[in-house]
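Protein chains: 4
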Amino acid sequence: MTPSNSNSRAILLMHCPDQKGIIAVVTNFLSENNGNIIDLDEHVDPEYKTFFMRVEWDLSYFKIPVDQINKKFRQLIGNQYKMNWSLHFTDKVPRMAVFVSKLSHCLYDILSRYQSGEWKAEIPLIISNHQVLEVVAHRFDIDFKHFPIDKNNKPEQEQRQLQMLKDYKIDFIVLARYMQIVSTEFISNYPNKIINIHHSFLPAFPGARPYHSAYARGVKIIGASSHYVTAELDAGPIIEQEVVRVSHKDSVKTLVRKGQDLEKIVLSRAIWNHLERKILVFNNRTIIFE
Amino acid sequence: MTPSNSNSRAILLMHCPDQKGIIAVVTNFLSENNGNIIDLDEHVDPEYKTFFMRVEWDLSYFKIPVDQINKKFRQLIGNQYKMNWSLHFTDKVPRMAVFVSKLSHCLYDILSRYQSGEWKAEIPLIISNHQVLEVVAHRFDIDFKHFPIDKNNKPEQEQRQLQMLKDYKIDFIVLARYMQIVSTEFISNYPNKIINIHHSFLPAFPGARPYHSAYARGVKIIGASSHYVTAELDAGPIIEQEVVRVSHKDSVKTLVRKGQDLEKIVLSRAIWNHLERKILVFNNRTIIFE
Amino acid sequence: MTPSNSNSRAILLMHCPDQKGIIAVVTNFLSENNGNIIDLDEHVDPEYKTFFMRVEWDLSYFKIPVDQINKKFRQLIGNQYKMNWSLHFTDKVPRMAVFVSKLSHCLYDILSRYQSGEWKAEIPLIISNHQVLEVVAHRFDIDFKHFPIDKNNKPEQEQRQLQMLKDYKIDFIVLARYMQIVSTEFISNYPNKIINIHHSFLPAFPGARPYHSAYARGVKIIGASSHYVTAELDAGPIIEQEVVRVSHKDSVKTLVRKGQDLEKIVLSRAIWNHLERKILVFNNRTIIFE
Amino acid sequence: MTPSNSNSRAILLMHCPDQKGIIAVVTNFLSENNGNIIDLDEHVDPEYKTFFMRVEWDLSYFKIPVDQINKKFRQLIGNQYKMNWSLHFTDKVPRMAVFVSKLSHCLYDILSRYQSGEWKAEIPLIISNHQVLEVVAHRFDIDFKHFPIDKNNKPEQEQRQLQMLKDYKIDFIVLARYMQIVSTEFISNYPNKIINIHHSFLPAFPGARPYHSAYARGVKIIGASSHYVTAELDAGPIIEQEVVRVSHKDSVKTLVRKGQDLEKIVLSRAIWNHLERKILVFNNRTIIFE
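Chains as they are written, first to last, in my numbering: chain A, 92 to 381; chain B, 92 to 381; chain C, 92 to 381; chain D, 92 to 381.
If you are wondering where the hints come from, they were derived from the structure by calculation, not from laboratory data. The hints are all genuine.
Chain B side only, calculated, beta carbon under 7 Å to chain D, not exhaustive: (1) Pro294; (2) Ala295; (3) Arg308; (4) Gly309; (5) Lys311; (6) Ile312; (7) Ile329; (8) Glu331; (9) Gln332; (10) Val334; (11) His339; (12) Arg376; (13) Ile378.
Since the model is a prediction, treat every value here as computed from it, not as a measurement. All C-beta atoms, glycine included, are put in the ideal place defined by N, C-alpha and C.
Please take these sequences and the hints and turn them into a complete structure.
Structural data, given as structure tokens:
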């Protein structure tokens, strides 16, 4: 048999009201069209009686042409089962923009992974409200754009940023310790496509200066949380969290030092899951398929 | 429709050579017979090209009578796909024997979970080579049998133990810090049905006195490991592990104190997974379905 | 030389404004009186410029009689250095009362440690607003007192409890998932002597039903926190916290199951540190000496 | 009073046979000479009856000139108490060389910390047996020297390396996934001054390909370990370890990906402790002062 598609894979992320036989229906659809399933993970939320599934299959001998899969799936399954779904192809490399302020640890971590080929992604653009990290961007030969922001120019600067993101064909945005609150309107252009790292174990200590708050409260463990940005500050769906043990011996300064290691690891895990299309958002919570 | 089976669920654990369409085949079989899938988790080992799956379904309206499911499955699927499988029913409560020596922490933990109804299990029998913990057994109204073991009487004592396990209709055995090595012959009566807790982070420090070894080596983290018992000492398939941070300030005595908390938690998680039929053993490794 | 004191040790917990030479002064005092230091741990809070120290020494050859140490220390050091301190002796075994409601996991864990001799403590009394766990108390031959509490009788029941605690010579109280809010007046009788376990990673999810809140927020890690009880609910100084990773697959029910393992471990570590006199409270934070 | 020394601090690391009054002797010495103690941490190993201490003090008003402290300490205390000690000054910035092969993750992590000013260290030199990472060195403007090594030229190449380390005035060496075994003779030039990162939870899986071994053994947790290099492979004193949970779903490839995050964090924590003079080696174990 001649491969009808390129040597890549397709990923289907779906959710719908739970109903008998739904896995059989989808796996039959793939099986009958010569799609070899590489990975399948499903989940049923018993409270909301909702079915979730991620299925990844080899396109080498898949009978349906790539540009018709979506249509066929809608006709045969999607409509009938009242399904929400998205279809992705692994040979399409997502383009990511990084927003930063003055702290470099997350940016360096992102760029070193990018450079080593750990991620299937393009990073053509770094945006910042300060110029401090321009030198880092140049070190890695990535375009750096400076958008100084104050309370007066914010709306117009965001409009200019949006235009630039469009020009650079950006698929998703990473706020790598970008110390600005992004407007609801800006967010609406990238729903579940802006990943933030917050330097606390959410929902504890949202907002500014969480390490100071953690110190004052005397917690014995601190954390970091990555989440998709939504209109409410630090309240979007959590993608990943990690923690580290601290003690009374830690000052705010050492909490910051220990916490920054968490921040970069947690942010990079969130980016990884996003790139691998392993995340589904439902009711402000994430399902992270493994 | 009248329910043809009791209000329980069936669990199928299976593995076979990986092949296209296998999930569709199994889910169709259940769907066509009115079996509503509660939970499905699958895994493919790319190295061994082997497919693993655990599927749990509601028997309420399942068309095939409980005592014929196994036969039907063999005829329709098992033989054709060269499958290894086991079938379990949630209304069959497993019977567990606990083997102990002198340390009480794991035994108390097991009995308190049993007593609180956390586990769907029966514990009719505690066996020991010492009499120290008889008082604990009596406190919980459980039969306690004393089998003193020395190097001369071991074979005959094990024979008597096996007979007693048979009399008590024991399904699986938990070695809760039972400080005796169990013979290969004894093990062969309960393959993948004897759960041991070893007080180290295996494969580091197998055998006797692992806390002393951990102290001497100066590790910064200690662990505990639960595994199925096989002929080779402390080398059986690992079910669960957990760790805790230690420091130079810890003596062997405090390592023991910290480690015992790990031991009871790790052992109880292994028992939970065993009871829930979430474990499949392949090539001396476990697949733990979630 | 003849030992002038029993074969026990003394522990001094102290804090005072930080000042040059303070460690030398205290260690000289002990050294000159033939007190061999077993353990010394100090801490300086640079923000509050406050010095904290725990020192434990062997009394075998200590020249000052046990009943005069406090007075001598005040005269020679305490007054001059504006010190707050408390003096403890390891041969005085603390007496602990456990308050419970209906959940048994923490109680069993406490009693099994008590029974195995892990703790140097006496547990003569269990108090509950329900009768469910009376059977557990009887199993371990410990007095169980039932104080049903409703919104009308609370003040008088607390008065009766206080009298009973006095009769039993109770030194400190452990709230082992006691689902009642204790009044400010009650607390004032046992300042920094009531240890509570809260089933969340404080300050996230204080108050009722934290596992439900954790589920709704979609956190990826849950926790448990032990703290001294103060007038403000779940806001007292944190003694110990621990966490466990969860996922979207966890229901509230499995969060509860996983969380209960944390609760008992975290509570027991707090009790251990309290018994070992390793805790100093300052500004609603704890210093935990190692 | 006029400060007799620069605005820096001194650190004394010491160990000796445990004896009564030793803390008082040292703290008196500092106190009498106007040295304000910033931090003191001590430890007694009860098995070896050995006393360990790290004390850090402000030199601003210290009466003894910096270049005479060592001599004075020897005369007054060191000799009499049979002490081993080392004296360090915080205004002396250590110089570090990094050895790498082809993997970049640890190197990038080190350089991003260096660049951000997280560490008080100089990194003038990167040495490698391959040229792959030369581009990274250039990006950060650091000298890169290529020493290709095969089984024939190893002794002479190591001699050349040693000469170069001398020329660059290197104080200590970090093997950041340098995939070569360093000779005993080379090590003898930098005793407890070569830090290695091993990609397993030692003592499990020493030597080559630990992720493959971890996969084959089916462990549920993997780790990374940093240690000082000694003659015996991967058996030197452990400085720091960290772990991450894995499952049957992880291939060797994903174990590598998860493990590399551990490696860089664990290595950087070890470097931090080394730079802060918080490590004392005794009997092939480390005491890490906090």
